[in-house]
Amino acid sequence: MPNTPPPVPAAVRLIFETDGNQVRLISEQPVDVAIPGFDIAQTSDPGYYIDTRDAGGNTLTRVAARDAFPPSVEVFPEKAGDPIQRIAPPVRKGAFSVLVPATQKTRSVSLVKLEVGTEAPRGLAEGTSGPIRSTTKIKEIANFQLKSIAKQGEQP
Amino acid sequence: MSTTDGAVIGTTQIFGSAPQNRGFNVVLLAEGFTVAQQSNFDAACTAFKNQFIATAPFDELQPVINIFRVNVRSTDSGADDPAATGGTGASVRTYFDATFGAGGIRRLLVCNNSTALLTAAAQVPAFTVVLVVVNSTVYGGSGGSVGTFSLAGGANEIAIHEMGHTAFGLADEYAYWAGGNETGRDRHPAGEPSEPNVTLNTNRATLKWGWAVAAATALPTMSNPNCSQVDSRASTAAAGTVGLFEGAHYYHCGAYRPEYDCKMRNLGVPFCRVCRQVIWNRLGPLATLQARTKTPLQVIARYPEHLDVFGVAADGRTMSNWWDQSSGWAGWFQVQGGIASPGGIGSPITAVARYAGHLDLFTIGTDKRVYSCWWDGASGWHPWFPIGSLVCRAGSTVNVVSRYSDHLDLFTTAADGKVMSTWWDASTGWASWFPVMGGVAAAGAPITAIARYPFHLDLFTVGTDQRVYSCWWDERGGWRGWFQVGNLTCRTDSTITAVARHRDQIDLFTTAADGKIMSTWWNVRSGWGSWFQVAGGVASPGSPITAVARYSNHLDLFTLGTDNRVYSSWWHEGQPWAAWFNVSAGSGMAGGQVAAISRIAEHLDLFTVGGDGIVYSTWWDANGGWAGWFQLGVS
Numbered sequence: 001m002p003n004t005p006p007p008v009p010a011a012v013r014l015i016f017e018t019d020g021n022q023v024r025l026i027s028e029q030p031v032d033v034a035i036p037g038f039d040i041a042q043t044s045d046p047g048y049y050i051d052t053r054d055a056g057g058n059t060l061t062r063v064a065a066r067d068a069f070p071p072s073v074e075v076f077p078e079k080a081g082d083p084i085q086r087i088a089p090p091v092r093k094g095a096f097s098v099l100v101p102a103t104q105k106t107r108s109v110s111l112v113k114l115e116v117g118t119e120a121p122r123g124l125a126e127g128t129s130g131p132i133r134s135t136t137k138i139k140e141i142a143n144f145q146l147k148s149i150a151k152q153g154e155q156p
Numbered sequence: 001m002s003t004t005d006g007a008v009i010g011t012t013q014i015f016g017s018a019p020q021n022r023g024f025n026v027v028l029l030a031e032g033f034t035v036a037q038q039s040n041f042d043a044a045c046t047a048f049k050n051q052f053i054a055t056a057p058f059d060e061l062q063p064v065i066n067i068f069r070v071n072v073r074s075t076d077s078g079a080d081d082p083a084a085t086g087g088t089g090a091s092v093r094t095y096f097d098a099t100f101g102a103g104g105i106r107r108l109l110v111c112n113n114s115t116a117l118l119t120a121a122a123q124v125p126a127f128t129v130v131l132v133v134v135n136s137t138v139y140g141g142s143g144g145s146v147g148t149f150s151l152a153g154g155a156n157e158i159a160i161h162e163m164g165h166t167a168f169g170l171a172d173e174y175a176y177w178a179g180g181n182e183t184g185r186d187r188h189p190a191g192e193p194s195e196p197n198v199t200l201n202t203n204r205a206t207l208k209w210g211w212a213v214a215a216a217t218a219l220p221t222m223s224n225p226n227c228s229q230v231d232s233r234a235s236t237a238a239a240g241t242v243g244l245f246e247g248a249h250y251y252h253c254g255a256y257r258p259e260y261d262c263k264m265r266n267l268g269v270p271f272c273r274v275c276r277q278v279i280w281n282r283l284g285p286l287a288t289l290q291a292r293t294k295t296p297l298q299v300i301a302r303y304p305e306h307l308d309v310f311g312v313a314a315d316g317r318t319m320s321n322w323w324d325q326s327s328g329w330a331g332w333f334q335v336q337g338g339i340a341s342p343g344g345i346g347s348p349i350t351a352v353a354r355y356a357g358h359l360d361l362f363t364i365g366t367d368k369r370v371y372s373c374w375w376d377g378a379s380g381w382h383p384w385f386p387i388g389s390l391v392c393r394a395g396s397t398v399n400v401v402s403r404y405s406d407h408l409d410l411f412t413t414a415a416d417g418k419v420m421s422t423w424w425d426a427s428t429g430w431a432s433w434f435p436v437m438g439g440v441a442a443a444g445a446p447i448t449a450i451a452r453y454p455f456h457l458d459l460f461t462v463g464t465d466q467r468v469y470s471c472w473w474d475e476r477g478g479w480r481g482w483f484q485v486g487n488l489t490c491r492t493d494s495t496i497t498a499v500a501r502h503r504d505q506i507d508l509f510t511t512a513a514d515g516k517i518m519s520t521w522w523n524v525r526s527g528w529g530s531w532f533q534v535a536g537g538v539a540s541p542g543s544p545i546t547a548v549a550r551y552s553n554h555l556d557l558f559t560l561g562t563d564n565r566v567y568s569s570w571w572h573e574g575q576p577w578a579a580w581f582n583v584s585a586g587s588g589m590a591g592g593q594v595a596a597i598s599r600i601a602e603h604l605d606l607f608t609v610g611g612d613g614i615v616y617s618t619w620w621d622a623n624g625g626w627a628g629w630f631q632l633g634v635s
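If you read the protein sequences in the order shown, they are chains A and B. Under my numbering, think of the first position of the first sequence as 1, with each following residue one higher. Under my numbering, think of the first position of the second sequence as 1, with each following residue one higher.
There may be inaccurate statements among the hints.
[What the hints assert, rightly or not] Derived SDA-like pairs (lysine to any residue); straight-line CA-CA distance at most 25 Å:
no.: 1; chain 1: A; residue 1: Lys-137; chain 2: B; residue 2: Tyr-355
no.: 2; chain 1: B; residue 1: Lys-294; chain 2: B; residue 2: Phe-581
no.: 3; chain 1: B; residue 1: Lys-294; chain 2: B; residue 2: Gly-591
no.: 4; chain 1: A; residue 1: Lys-93; chain 2: B; residue 2: Ile-105
no.: 5; chain 1: B; residue 1: Lys-294; chain 2: B; residue 2: Arg-276
no.: 6; chain 1: A; residue 1: Lys-79; chain 2: B; residue 2: Tyr-355
no.: 7; chain 1: A; residue 1: Lys-79; chain 2: B; residue 2: Thr-497
[Stated by the list, open to error] Chain B is nowhere near these chain A residues, computed Cβ spacing over 10 Å in every case:
no.: 8; residue: Asn-21
no.: 9; residue: Val-23
no.: 10; residue: Gly-57
no.: 11; residue: Ser-108
no.: 12; residue: Val-116
no.: 13; residue: Lys-139
no.: 14; residue: Glu-140
no.: 15; residue: Ile-141
[Unchecked claim] Partial list, computed: chain B residues near chain A (C-beta under 7 Å):
no.: 16; residue: Ala-121
no.: 17; residue: Pro-125
no.: 18; residue: Ser-142
no.: 19; residue: Gly-144
no.: 20; residue: Ser-145
no.: 21; residue: Ile-160
no.: 22; residue: Tyr-174
no.: 23; residue: Trp-177
no.: 24; residue: Ala-178
no.: 25; residue: Ser-327
no.: 26; residue: Gly-380
Think of the hints as simulated: they come from the structure by calculation, not from any bench. Cβ coordinates follow ideal geometry from the N, Cα and C atoms, glycine included.
Based on the sequences and whatever the hints tell you, model everything.
Written out as structure tokens, the structure reads:
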């Protein structure tokens, strides 16, 4: 079987720096990396995500940003078996990195927070609980134009 | 105390040979090592590597793991260690500015994450995880976007636990927030956690790790008798039991973990079964799929910019991969822990999209029962469940038709070859299995079904006399008896492929006993035509004929020839069948199948299992013609 590569969507590594509630994009770097579906959101679970957007502001993909604004950090016990503790983040400043797929259509990225409201489960057997029906609110925290993609898309 | 206090010396790959663009790339950064101490960093990296790749399931995933060490020299040795938190009072000049005592706790060791991420990106642009190794024997570490750990014994465990959060989205499974003596942690608040390894759900049918729970395991498996405190009793279940163990996600009650213990609960213990599977689901897609030898692949387009592909791995795992125009191929992953029946060519996964945000899957399990699971855009994948108690032939196919969005019709063969059907309707649920008009299929012959319009079904199969049979159902008249379609003699395991180019036309394709590729048609005005050989074609023994109608007056056919190459022919109204041609020099597994789909009229996507057992794909576009074949993995 001949083996030629498929058309590879460009990926861009984004590095963000946070200071309290503020966020800055400090690095965008086109990279040849496959982004597995595991990291591309297919459902609307609560949390932080990076949305890639086209020129019209439409969302193209949503990638989990698991390390954005951690609400706490873990402190590990020196002795095995002793409990782990969680405390509020000890420093205001932080940084996180996300790889996003980027095609010729991609123009910007947005850091968004998905917040999920709940409805009581219905129709379940007595004594059990079930998945909660959810309603999703999307809050945009910051938007950044991607310079590297704009350069790739320029006509000669 | 910054990057002026040192410099990057160089980068060395210390483990792995996976392509970096499809690898799980772990980067280890040196912090607080002087030029003279670099060999200590090298030794620490080796120790971490040895422990990491020996930890299940990373031990089985080594082919996709790369580990790099980035040697960085610092002006001084070690890390800051403030006296206020019980440290030595050391204040040292190091590249990543690491310090103990963050948050007033000496063993909380942090560094400048921005510098760490920028350094890793510069040295290994394809990095997945960044870990900073701090040159101190004082116990310490922390997690988040950058894992930090010291040289103290056991600190490697911190790095692996934190990787569970950062790379795999795993939740903490411990049942307390700050050691267990705090208040306000009695019962988990409402709202299902999004992480895959903790839940509030006690319903076996919808439990997110239901695939891993034995039928005999009680749910909940272990409940906390006193929610005012952490349940510190020993496990009441056998080691390795997967169920629902109360106390997780920082709460004593109301939240459950899959096993009694796990590395996401305690350092120094293995990952539980569910966490291991989650890690597999993240790393497995980086590899190509070794498919079951002749597994029929199925592809569906829920909308034109998206494809879902289903196949069965060599070990029977039910696998899927998806492509989206905006993100490429996602990589192969196992669907809800499913294992498909062996026997014959092995049971395939069949799938249908009743609407764009929903998938229904079907297969025969290893107990020869029919199983289904579904995916919904709002709630993700749901566990496999059995449909009735029908026992099928080993390796049977379940074919499914959705005549309208709230209805499914299923067809398969019972252990004695009887043609069986059931249906699901949104208003009534699943019906009982019933035999379809006494029909019996030849061994290995699947039941083909099409709905030319919402209130009509046509079935086709090969009977025990190797002749082609059909019957139909109409809402007004119910099921009609089986009748023979012409006098063609087929292989016993021939598949009858049916295409309705429009509601008054059926085109059939199959293989004769001698392998000839045969076709006939039915038209509402003229009835059934005679069987004829399509352009002199002969298929590889066992290979079915795949047909796609891109327009109502156009057909494209695909199969494997006697030389196991992938061949195509087409028909356009008013013209004879085109001569068979080899598609992009491609070849497949003897007796295998070519899956094809047209998600837009001027485009075709093809899939087949190559002679090496790996799934390949190519496409045709009216503008660019045929592309080359490529291994289907992640892109």
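Results for each hint:
1. A/Lys-137 x B/Tyr-355: Holds, at about 24 Å.
2. B/Lys-294 x B/Phe-581: holds, 22 Å
3. B/Lys-294 x B/Gly-591: holds, 7 Å
4. A/Lys-93 x B/Ile-105: Holds: A/Lys-93 and B/Ile-105 sit about 18 Å apart, inside 25 Å.
5. B/Lys-294 x B/Arg-276: violated, 29 Å
6. A/Lys-79 x B/Tyr-355: Given pair A/Lys-79, B/Tyr-355 is violated - Cα atoms ~54 Å apart, limit 25 Å.
7. A/Lys-79 x B/Thr-497: violated, 65 Å
8. Asn-21: Its Cβ never comes within 10 Å of chain B, the nearest being 17 Å, so this holds.
9. Val-23: The assertion about A/Val-23 holds, with a minimum of 12 Å to chain B.
10. Gly-57: holds, 14 Å
11. Ser-108: holds, 14 Å
12. Val-116: A/Val-116 is in fact no farther than 10 Å from some Cβ atom of chain B, at 7 Å.
13. Lys-139: holds, 16 Å
14. Glu-140: Per Cβ check, A/Glu-140 is outside 10 Å of chain B; nearest 19 Å; holds.
15. Ile-141: holds, 16 Å
16. Ala-121: The hint holds - B/Ala-121 has a Cβ within 7 Å of chain A, the shortest such distance being about 6 Å.
17. Pro-125: Holds: closest Cβ of chain A sits about 5 Å from B/Pro-125, inside 7 Å.
18. Ser-142: Holds. Min distance 6 Å.
19. Gly-144: holds, 5 Å
20. Ser-145: With a minimum Cβ separation of about 4 Å from chain A (threshold 7 Å), the hint on B/Ser-145 holds.
21. Ile-160: violated, 12 Å
22. Tyr-174: Holds, because the Cβ-Cβ distance from B/Tyr-174 to chain A comes to roughly 6 Å (cut-off 7 Å).
23. Trp-177: Because about 5 Å separates B/Trp-177 from the closest Cβ in chain A, which is inside the 7 Å limit, the hint holds.
24. Ala-178: holds, 5 Å
25. Ser-327: holds, 4 Å
26. Gly-380: holds, 5 Å
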